[in-house]
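K.L.:
Please put together the full structure from these sequences, using the hints given.
Everything in the sequence shown is counted per UniProt numbering, starting at 1 for the first residue and increasing by one.
Heads up, a few of these hints could be off.
Listed next, the in silico DSS-like pairs over lysine-lysine satisfying Cα-Cα at most 27 Å (straight line) [as the list claims (entries may be wrong)]: (1) 385 x 260; (2) 430 x 280; (3) 433 x 280; (4) 256 x 231; (5) 365 x 326.
Note that these hints are calculated values from the structure, not bench results.
All values derive from a computational prediction rather than experimental measurement.
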Amino acid sequence: MSFYDDADFLTLTRTRVKHFSQYKDAVLFLVKYGSSDMIKESGLANEMAITDEQQSETKDLDKKAFVKDLQALGPTYVKLGQLLSTRPDLIAEPYISALRELQDNLEPFPYEQVEGIVQDELGVRISKAFQSFDKEPIGSASLGQVHLAKMRNGETVVVKVQRPGIRQQVVDELEALEKLSSFLENNSAQGRKYSLHKVFLQFKSTLLRELNYLKEAQNMDILHENLKEFKDIIVPTSIPDYSTDKVLTMEFIKGKNITKISPLRKLELDGEALCESLFKAYLQQIVVDGFMHADPHPGNVHLTDDNRLALLDMGMVAHISEDLRKNYLKLILNISNNKVSEALDTLIAMSTATDEADEDQFRSKIAELIQATHQASVKEIDTGKMMFGLIHTAAQCGFELPFELSTVGKALMNIDLVAHTLAPEFEPNKSIKRNAMSLMNKIMLKELAPQNFFSTILESKELIEKMPHRLNTIMRNLANNELEVKLDAIDEKSLMQGFQKVANRITIGLIVAALLVGSALMMSVQTKFTIFGYPGFAMISFMLAIVGALTIVIGIFFKDES
Numbered sequence: 001m002s003f004y005d006d007a008d009f010l011t012l013t014r015t016r017v018k019h020f021s022q023y024k025d026a027v028l029f030l031v032k033y034g035s036s037d038m039i040k041e042s043g044l045a046n047e048m049a050i051t052d053e054q055q056s057e058t059k060d061l062d063k064k065a066f067v068k069d070l071q072a073l074g075p076t077y078v079k080l081g082q083l084l085s086t087r088p089d090l091i092a093e094p095y096i097s098a099l100r101e102l103q104d105n106l107e108p109f110p111y112e113q114v115e116g117i118v119q120d121e122l123g124v125r126i127s128k129a130f131q132s133f134d135k136e137p138i139g140s141a142s143l144g145q146v147h148l149a150k151m152r153n154g155e156t157v158v159v160k161v162q163r164p165g166i167r168q169q170v171v172d173e174l175e176a177l178e179k180l181s182s183f184l185e186n187n188s189a190q191g192r193k194y195s196l197h198k199v200f201l202q203f204k205s206t207l208l209r210e211l212n213y214l215k216e217a218q219n220m221d222i223l224h225e226n227l228k229e230f231k232d233i234i235v236p237t238s239i240p241d242y243s244t245d246k247v248l249t250m251e252f253i254k255g256k257n258i259t260k261i262s263p264l265r266k267l268e269l270d271g272e273a274l275c276e277s278l279f280k281a282y283l284q285q286i287v288v289d290g291f292m293h294a295d296p297h298p299g300n301v302h303l304t305d306d307n308r309l310a311l312l313d314m315g316m317v318a319h320i321s322e323d324l325r326k327n328y329l330k331l332i333l334n335i336s337n338n339k340v341s342e343a344l345d346t347l348i349a350m351s352t353a354t355d356e357a358d359e360d361q362f363r364s365k366i367a368e369l370i371q372a373t374h375q376a377s378v379k380e381i382d383t384g385k386m387m388f389g390l391i392h393t394a395a396q397c398g399f400e401l402p403f404e405l406s407t408v409g410k411a412l413m414n415i416d417l418v419a420h421t422l423a424p425e426f427e428p429n430k431s432i433k434r435n436a437m438s439l440m441n442k443i444m445l446k447e448l449a450p451q452n453f454f455s456t457i458l459e460s461k462e463l464i465e466k467m468p469h470r471l472n473t474i475m476r477n478l479a480n481n482e483l484e485v486k487l488d489a490i491d492e493k494s495l496m497q498g499f500q501k502v503a504n505r506i507t508i509g510l511i512v513a514a515l516l517v518g519s520a521l522m523m524s525v526q527t528k529f530t531i532f533g534y535p536g537f538a539m540i541s542f543m544l545a546i547v548g549a550l551t552i553v554i555g556i557f558f559k560d561e562s
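P.N.:
In structure tokens, the structure reads:
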């Protein structure tokens with residue numbers, strides 16, 4: 001007997017009949033690898049004629065078979081598998097490990113197709129656009145492949161070309177999977193428990209962004225700018241005139257995959273310093289910038305000839321909200337300092353409790369996890385694994401942590417792999433403590449930057465513009481004896497003192513507003529005298545405004561008490 005809604009099943013099958021085989025392949029994969037109960041409950045097992053033998057053939061996980069079967073489903077499933085490796089709250093550990101080993105490699109497509117795509121996208125033949133263009137790709141993946149080329153000015157570049165027809169294939173497969181995830185969420189307890197459709201939509205959004213190479217170019221340029229102060233880290237820049245949504249041309253950075261560095265070359269490196277720079281750069285991306293390179297696996301981190309680390313492939317990035325940034329910084333500081341109670345409070349504040357939430361169990365298990373982290377040896381400490389442990393434990397106890405935290409966890413896990421390759425004795429906890437003050441200073445400078453006060457300035461401008469009219473109205477009503485003030489137990493002396501305080505604060509407020517407006521206007525005037533890279537006099541005016549604002553606050557909170 002099946003318990004699904006007939007309308008749901010009709011939507012699943014009849015609206016996209018051509019995808020029916022894809023549905024069945026996906027369902028068989030789920031059945032084979034441990035989701036047969038969910039499929040049976042939803043009614044799909046009967047409607048898709050899945051036999052009892054097929055439903056009972058799940059065995060101990062064979063990682064190679066699991067990966068091979070997933071790859072056979074197509075590039076969309078490979079990408080989704082990689083994304084699912086960030087979700088220990090959804091996938092059991094053996095499968096997570098298998099998915100982490102999933103390689104996004106595919107046979108290259110012919111040069112003739114590359115030539116045609118580049119010509120169609122750039123509007124000119126390859127021979128005209130480039131001085132030379134290597135016919136053999138230096139890398140090939142499910143969505144595209146990369147070639148070396150030389151510009152007319154002699155500059156060597158990398159050209160990434162999207163695989164022909166892949167966009168429509170991915171869109172079709174995503175459409176099929178979206179209907180399947182919606183059906184399973186509506187018709188099975190497990191689907192509802194894990195919000196399968198919501199999870200799928202998050203993955204869909206990430207994958208569709210990867211198909212837009214102009215978006216990747218933008219990501220690359222933002223990260224290049226954000227990390228320019230790190231002398232040991234380099235991010236290539238895009239070449240806009242040679243880039244479209246299917247062709248991405250970027251700066252070539254000569255280097256070698258860090259997993260292929262010889263032991264002798266490692267002896268020449270200051271691995272600890274490189275790891276420190278890389279770890280600090282990622283902490284800055286997470287807690288200061290809110291914009292993070294989300295896929296720094298060892299294949300995407302190269303060692304350059306001048307001993308710098310190059311970050312490659314910006315197709316997958318994470319946007320981290322301001323609240324999550326602040327909570328994450330508090331969380332890692334509390335964990336690194338072994339402040340268990342504070343870390344637990346932060347986690348509770350970050351999470352959403354489900355109907356099955358058990359806070360006492362959650363606090364107990366998280367406390368054990370944090371204590372275990374501090375008792376582990378240096379080689380056993382992995383910040384990414386610890387984050388995955390927190391997410392998995394939260395899910396077990398009925399708490400949902402933000403989706404972005406899973407992406408952060410996977411990125412940090414990859415950074416851990418890079419660190420183990422370059423400097424096995426590197427200690428992330430000590431690095432967090434060393435860089436905490438620097439990160440907090442950057443956060444404060446960012447929040448106090450003049451450009452972040454534009455809304456305040458506009459409000460102050462509106463206040464200044466409307467203040468004369470409002471004061472005239474008050475004075476006119478007062479002169480005409482039309483101003484009514486209702487007071488109980490009037491004390492004339494106290495009343496006059498109160499008016500005096502209000503008048504003083506209005507005066508200071510107007511001066512502060514004027515200074516803010518003035519400093520904003522002076523920002524456009526370039527001078528040799530600068531403070532923090534901004535025009536000096538504008539910054540002095542801005543600082544005076546801050547002092548004035550603090551004066552008002554102190555008056556409100558302290559002087560009024562007396």
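K.L.:
Of all the hints given earlier, name the ones this structure violates by number, lowest first.
P.N.:
none
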